[in-house]
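Start from the sequences, fold in the hints, and give me the full structure.
Here are the chains, one letter per residue:
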Amino acid sequence: MSGLYFHIMKELDHFILDVEYSFDKGLLVIEGESGAGKTTLLNCIAGLTSPDEGSIAYENSVVYDSARKINIPARDRRIGYFFQNYALFPHMTVVENICYGIKNKPEYKESQKREELVAYTEYVMQMFGIHHLKGKYPNSISGGEKQRTAFARAIVTKPKLLLLDEPFSALDDNTKKAVYREFLQIKEVFRIPTVLITHNPQESNLFGDHKIVLKHGRIL
Amino acid sequence: MLSPILLSLKIAIIATSISFVAGTLFAYLINKKNVPCKDLLESLLTLPIVLPPSVIGYVLLAALGKRGFIGAFLLEHFGIQIVFTWIGGVIAACIVSLPLMYQNVKAALISIDPIYEKAARTLGSSEWRVFRTVLFPLAWPGIISGTALSFARAMGEFGATMMVAGNIPNKTQTIPTAIYFAVEAGDKQLANALVLVMTVFSFVMIFALNLWLKKKSCTGGGVEK
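In the order they appear, the protein sequences are chains R and X.
With numbering that gives the first Met the number 0 applied, the first sequence has no gaps in its numbers, which climb one by one up to 219 at the end.
With numbering that gives the first Met the number 0 applied, the second sequence has no gaps in its numbers, which climb one by one up to 224 at the end.
One thing to keep in mind: the hints can contain errors.
Claimed, not checked - DEER-style ranges, computed between Cβ atoms:
#: 1; chain 1: R; residue 1: Leu183; chain 2: X; residue 2: Leu210; range: 44 to 54 Å
#: 2; chain 1: R; residue 1: Asp172; chain 2: X; residue 2: Phe202; range: 30 to 40 Å
#: 3; chain 1: R; residue 1: Arg180; chain 2: X; residue 2: Lys37; range: 30 to 40 Å
#: 4; chain 1: X; residue 1: Ser42; chain 2: R; residue 2: Asp172; range: 47 to 57 Å
#: 5; chain 1: R; residue 1: Lys214; chain 2: X; residue 2: Ala21; range: 33 to 43 Å
#: 6; chain 1: R; residue 1: Leu219; chain 2: X; residue 2: Asn209; range: 53 to 63 Å
#: 7; chain 1: R; residue 1: Gly142; chain 2: X; residue 2: Lys9; range: 45 to 55 Å
#: 8; chain 1: X; residue 1: Leu40; chain 2: R; residue 2: Leu183; range: 32 to 42 Å
#: 9; chain 1: X; residue 1: Leu212; chain 2: R; residue 2: Arg180; range: 20 to 30 Å
Stated by the list, open to error - Footprint (simulated), chain R over chain X, 3 or more residues, beta carbon under 8 Å:
#: 10; stretch: 132-143
#: 11; stretch: 192-203
Stated by the list, open to error - List time: in silico SDA-like cross-link candidates among lysine to any residue, alpha-carbon distance up to 25 Å:
#: 12; chain 1: X; residue 1: Lys213; chain 2: R; residue 2: Ser139
#: 13; chain 1: R; residue 1: Lys157; chain 2: X; residue 2: Ser125
#: 14; chain 1: X; residue 1: Lys117; chain 2: R; residue 2: Lys176
#: 15; chain 1: X; residue 1: Lys9; chain 2: R; residue 2: Asn42
#: 16; chain 1: R; residue 1: Lys133; chain 2: X; residue 2: Lys215
#: 17; chain 1: R; residue 1: Lys176; chain 2: R; residue 2: Met126
#: 18; chain 1: R; residue 1: Lys135; chain 2: X; residue 2: Lys117
#: 19; chain 1: R; residue 1: Lys112; chain 2: X; residue 2: Arg128
#: 20; chain 1: R; residue 1: Lys102; chain 2: X; residue 2: Phe130
#: 21; chain 1: X; residue 1: Lys117; chain 2: R; residue 2: Asn42
#: 22; chain 1: X; residue 1: Lys32; chain 2: R; residue 2: Ser65
Quick caveat, the hints were computed from the structure, so don't treat them as lab data.
Quick reminder that beta carbons are idealized off the backbone N, C-alpha and C, glycines included.
Printed below as a string of structure tokens:
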């Protein structure tokens with residue numbers, strides 16, 4: 000399985016989340032009303048929440064399997080997670096936020112590879128057009144800049160899977176149009192299997208290679 | 000006059016350092032990790048806030064005295080006597096200052112949005128790195144408040160210190176005990192001087208803390224470098 004496979008069962012407050020799906024490559028859009036279990040599903044894939052039962056695998060590795068008692072911790076899943084409100088660390092500058100994940104990599108301790116990682120970080124920042132914001136703190140940049148910083152932070156670690164929780168929901172309509180164009184380019188350049196949660200059918204049609212709709216924890 | 004001031008400072012600095020580490024560690028473990036008997040542990044930690052100092056002093060005396068289960072052990076195996084030494088004063092100051100440190104750090108930790116911890120984990124951080132690079136810096140204002148209050152409490156500790164360390168001039172006499180005995184002996188000049196030192200010291204510390212916290216809130220939260 001080079002893309003993503005998940006079968007997740009988890010008892011939530013008002014229903015049981017029970018979903019199974021797989022795709023080889025591209026971007027999976029998950030649509031659904033608030034409280035349908037979309038973010039819980041993403042958290043299960045990322046290892047931030049444990050399902051009650053099921054199995055999750057991507058890029059030829061199983062990260063969770065209740066039957067085989069496999070549960071790889073979030074830090075070892077090599078996932079890029081874009082949180083709904085960006086979750087940029089408020090006490091770190093833009094560059095510190097972006098480099099945060101890089102510093103967790105074992106190869107960062109080797110000076111030669113560290114230089115490569117730093118050069119790659121520069122490339123990603125240039126690509127997202129946030130190089131000039133390096134020394135700024137998240138509370139002093141705009142919503143669009145925060146969004147691009149959060150994208151860069153999620154992508155710079157070269158994740159095996161990208162999880163995006165409503166990445167465009169906080170942007171105004173004018174900013175959205177520009178960001179949509181950028182995101183299509185990024186999708187083409189990085190080609191990482193991606194799961195995108197959205198309420199917006201336009202985003203679904205624009206980005207989705209696959210699509211599922213969740214309602215009360217089930218795929219419609 | 001200098002001896003009780005220096006001893007109070009020495010006791011307060013050591014007790015606050017211990018409370019800083021223990022209070023931060025307990026606040027983290029109880030409020031962010033799954034440790035067993037959380038409620039029991041938290042109640043025990045905060046108990047000294049509601050207990051009269053004389054009760055704390057009595058319990059410490061019973062445990063650390065020559066016939067106490069800890070005191071007898073230490074004396075027999077290591078030749079260490081705690082009661083009526085400055086170490087007894089440190090232990091008493093630790094017990095009364097730890098709850099203040101714990102409560103402040105707890106309040107700071109639970110006010111941090113858990114999404115930052117989640118983000119750090121998905122970016123490959125170990126639990127130690129999450130604590131060191133995310134939780135600790137974001138809880139820093141609460142940790143500083145707790146440290147300042149713990150220090151002030153340790154400096155001002157009287158009841159428990161009296162019972163455990165006594166009032167031996169140049170050995171265990173702290174500012175509060177020196178003031179009490181100066182008043183009893185009718186030495187108003189010494190009492191006034193020590194009261195002035197204590198009041199000025201505490202005022203400056205609280206004033207500086209408030210200024211710093213105000214400055215932090217004006218810069219919009221977080222810990223900017």
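ask   = Which of the numbered hints are not met once you compare them with the structure shown?
value = 2, 3, 5, 8, 9, 11, 14, 15
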